Every structure is written in structure tokens, then in C-alpha cells.
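Asks: Read off the chains here:
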Amino acid sequence: MSIEFLDPTHESQSGASAAAKRLASLSGATIAIVSNGKKGTKPFFDAFERELSDRYGVARVVRLTKSNYSAPVEPGLLAESGRWQALIAGIGD
Amino acid sequence: MLRSKRHTVEDLAAAQEFFHSRGWTDGLPVVPPTPAAVQACLEWVGMPPGQLIGVEPVRQRAISAEKLAVNAVMAGCLPMHFPVVVAAFTAMLREPFLLHGATASTGGCAILIVVNGPVRKDLGMSGGFNALGSSDRATTAIGRAIRLILCNLLDARPGDVDRSTLGHPGKISYCVAEDEENTPWRPLADERGSPAHASSVTVMAAGAPRQFMNEWTTRPEEILDTCVAEIKAVMRHYSIWPGNYAVVLPPQLRAHFDAAGWSKAEVREYVFRHARIKRREWAECGKGSVVGENGEREYAALREPDDLLVIAAGGPAGGFGAVIPPWYGSKSNAVTLAIGACVDCEV
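Going down the list, the protein sequences come from chains A and B.
Counting in our numbering, the first sequence runs without a single skipped number right up to 93 at its last residue.
Counting in our numbering, the second sequence runs without a single skipped number right up to 347 at its last residue.
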């Protein structure tokens with residue numbers, strides 16, 4: 001005898017987030033990096049910042065750090081996001 | 001009307017493989033969540049299928065009563081168990097609990113659910129023998145339901161959102177009922193502000209239980225010194241940061257507290273004053289490189305006495321207690337909620 005049952009997963013994928021439009025070029029852009037705040041992110045993002053500037057011509061890198069690496073980013077941290085062309089969420093350990 | 005997608009398979013064995021092959025289980029067999037079984041859960045709590053239990057804050061996922069019920073049935077819950085599942089998950093959605101962090105962290109905690117009030121007896125929850133190790137049907141199924149909900153509704157499967165390095169066996173099911181009948185102590189939920197005589201749940205992002213034993217004293221101070229030594233071990237070996245710790249005390253140890261007239265408040269106060277280490281102690285256990293110049297700085301396990309959750313539970317014989325450490329300091333805070341309370345109700 002067959003069994004009919006219900007799907008246990010979150011079927012609706014609608015959420016508040018969606019992939020942002022890609023930039024045509026990084027040259028001259030202001031890029032923000034939001035670190036989760038873990039110690040290991042600093043040397044990694046230092047190197048990453050140099051790469052963005054030296055290789056891709058990024059004009060300015062804004063470095064931000066969450067106060068709690070286990071929690072969502074606090075809204076105030078992104079207050080000036082309108083001035084940035086892109087934001088990178090950086091997770092490190 | 002139930003809205004979940006429906007699947008049909010030939011028989012029970014095919015159903016098990018269907019679930020396992022999609023990563024919808026914890027590795028154990030599940031009860032197929034038939035429409036009738038899910039509807040029975042919803043009717044028990046008087047909720048329509050689409051009732052919003054809450055919204056997971058990171059990915060903004062709306063969690064419906066129907067989806068909780070589907071996973072509760074899979075875990076082996078009966079309809080009468082479902083109100084506890086709803087209350088526990090509602091409590092987990094409260095901001096202080098920090099649900100995403102607690103379920104995604106490499107720290108690998110599990111969700112400890114402590115049940116208080118008349119519902120314990122209604123559901124045949126024990127709080128006695130094997131209290132922390134699946135003592136009865138209801139606690140086992142309810143704890144498992146929370147795990148399946150996290151896996152299937154928030155993708156907190158190992159290696160997906162759940163990034164636990166080790167995890168611990170409590171992730172399968174971690175639910176305990178307080179042994180309220182065999183203690184003069186006030187129930188945990190009562191002390192944490194839940195309405196008197198109400199049934200309530202307390203959820204905590206918790207590490208594995210660390211058992212301690214002292215059968216060679218009748219003095220509460222000495223029993224708690226053993227308990228405090230275990231907490232200090234956590235601070236030395238795992239995390240130095242303060243937060244909610246739980247202490248589980250069985251009847252044999254509680255008898256000494258009762259004889260001496262100690263309340264839970266006095267237990268909390270004693271632990272608060274004594275569970276402290278100096279940062280330099282880290283050098284004794286391989287962490288000397290992070291002691292720095294703050295070696296004499298003192299760290300307390302608790303921010304305040306009320307951080308300690310004192311739980312009466314355990315079998316009648318044996319001087320075995322347990323310390324249950326927080327996931328990671330105060331990043332997640334324990335939440336107590338009356339069963340049947342609405343999402344926005346404050347206890």
C-alpha cells in the first residue's frame with residue numbers, strides 16, 4: 001500500500017536577499033569589506049585590500065568589522081553603504 | 001489547508017530511503033509525515049497550517065506551524081508533544097538566543113530544552129533515571145524534532161549551515177524535564193519569570209554535559225566545590241567567557257541541600273562567587289601564548305548569579321551531577337517561554 005507524506009523542507013526560497021548586480025569594473029570603485037571580526041581575518045583582508053588596489057585599481061577600500069561575529073551585521077555599520085559600489089562580507093576564523 | 005508538497009512512495013521501506021537520500025533525516029528512521037498525522041498535530045495546538053511561528057532573522061525565512069508539525073511527526077512526536085515543540089522553537093527565535101550563530105558555529109553546541117510544569121506529567125516525561133540520556137518517549141521525540149526542524153527548515157545539516165567541528169551527541173536529542181515533585185526547590189521556569197503553575201520551556205545553546213561526582217560529603221559547599229571545579233575546567237580548556245551554565249543535581253545530592261536549607265538562589269550565589277579563574281591559568285593547559293600581560297585578570301563563569309540554570313533531575317541513587325556549559329559565553333542567552341504563549345507575548 002502506498003504512503004503519501006508531506007515535504008519537510010523549507011520549500012519557499014523567497015527571502016530578503018538576492019544576488020547583487022555585478023560591477024562592470026572595479027577600477028576607481030570604493031569597495032567595503034565587512035569582517036566578521038575574527039582575528040584571522042585581518043592579515044587575510046590586508047592582503048586582499050592590496051590586491052584590490054594594486055591589481056584591480058580599486059580607489060578606496062573601506063574596512064568594517066562586526067561587533068559580534070556570530071550575529072548578523074548591525075544596521076549602523078552599513079549606514080554609508082550608498083557611497084560604496086560593492087560590499088564584500090568576509091568570514092574568517 | 002496543508003500546503004507542503006506531497007510525495008508518494010510504495011511502502012515504509014521506500015519512504016525511509018526517500019528521506020535518507022535527500023538528507024532529510026538525522027540518520028535514524030523517521031515516521032512518514034502523512035497529511036493526517038500533521039493535521040492532528042495542528043489541531044492539537046489549534047493552529048492553522050499557515051500560522052507564522054516566527055521569522056529566522058538571518059535569511060528571513062518564515063517558519064509556519066505546518067512545517068514544524070511535519071518535522072515533529074518525522075521525529076516521532078505525538079500530537080500532544082507538539083505544543084512543547086512549538087514553544088521551544090518560538091523561544092529559539094527570540095533575539096537573545098541568536099539562533100543562526102548557535103546552529104552554525106564551529107563550536108558545535110546543541111539545543112538543550114528544559115521542560116517545566118504540568119505538561120511533564122501529561123506527556124509522561126520522567127526527569128528521573130537517565131534524565132540526560134533519552135529518559136522517555138516525549139523528551140526524546142521533542143528534542144529530536146528540534147534537530148530535524150533545524151536541518152530541514154534552516155539547512156543546519158552537517159557541512160551545510162551547521163559548521164560544527166565536532167558537535168556532540170546532544171544534537172540528536174537534548175531535552176530534559178525537571179523533577180519538580182521530588183524537590184522543595186522552585187521550578188526553573190518559575191524562577192526565570194514564567195507564570196506560576198504554567199507549563200514552560202527553557203532553551204539554551206549548550207555544550208555536552210560534563211558529569212561530576214561527589215558522594216563523600218553532605219555539605220552543600222563541598223558538593224558545589226566539585227561542580228565549580230568542573231566549570232573551571234571548562235573555562236580553562238574551552239572558553240573563558242561568562243554566560244549561561246546549567247547545573248543538573250540528582251536526588252542524592254539534592255537531599256544534602258534540602259537538609260541544609262539551601263535554595264536554588266543560594267546555589268547560584270555560591271557558584272557565582274567561586275567559579276572564577278585567572279587568565280594565567282591558561283598557561284597550565286597549553287594556552288600560554290594568549291595569556292599576554294593580563295595574567296592576573298580574573299574571569300567569572302557567570303555575569304551574575306542568575307546566569308546559572310539550576311535543574312533538579314536524575315535517578316534516585318548516585319551522587320552524580322552535571323555541568324552543562326554554554327556554547328560560547330554570552331553570545332547566546334537562554335530563553336524561557338510559557339507553552340501556548342504567542343510569538344509576541346512576553347513572559
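Rather than coming from a laboratory, the hints here were simulated on the basis of the structure.
It should be emphasised that the depicted structure is a prediction, and the values quoted were computed from it without experimental measurement.
Each hint should be verified, as a subset may be incorrect.
Below, computed lysine-lysine pairings styled on DSS-like, alpha-carbon distance capped at 27 Å [unchecked claim]: (1) A:K42 x B:K287; (2) A:K21 x B:K278; (3) B:K232 x B:K278; (4) B:K5 x A:K39; (5) B:K121 x A:K38; (6) B:K121 x A:K39; (7) B:K232 x B:K287; (8) A:K21 x A:K66; (9) A:K66 x A:K39; (10) A:K66 x B:K5; (11) B:K232 x A:K38; (12) B:K5 x A:K38.
Okay, the calculated bits of chain B under chain A, using three or more residues with CB under 8 Å as the criterion [to be verified]: (13) 68-75; (14) 142-153.
Glycine included, each C-beta is placed from N, C-alpha and C at the ideal position.
Asks: So which of those numbered hints doesn't the model satisfy?
Replies: 2, 4, 5, 6, 10, 12
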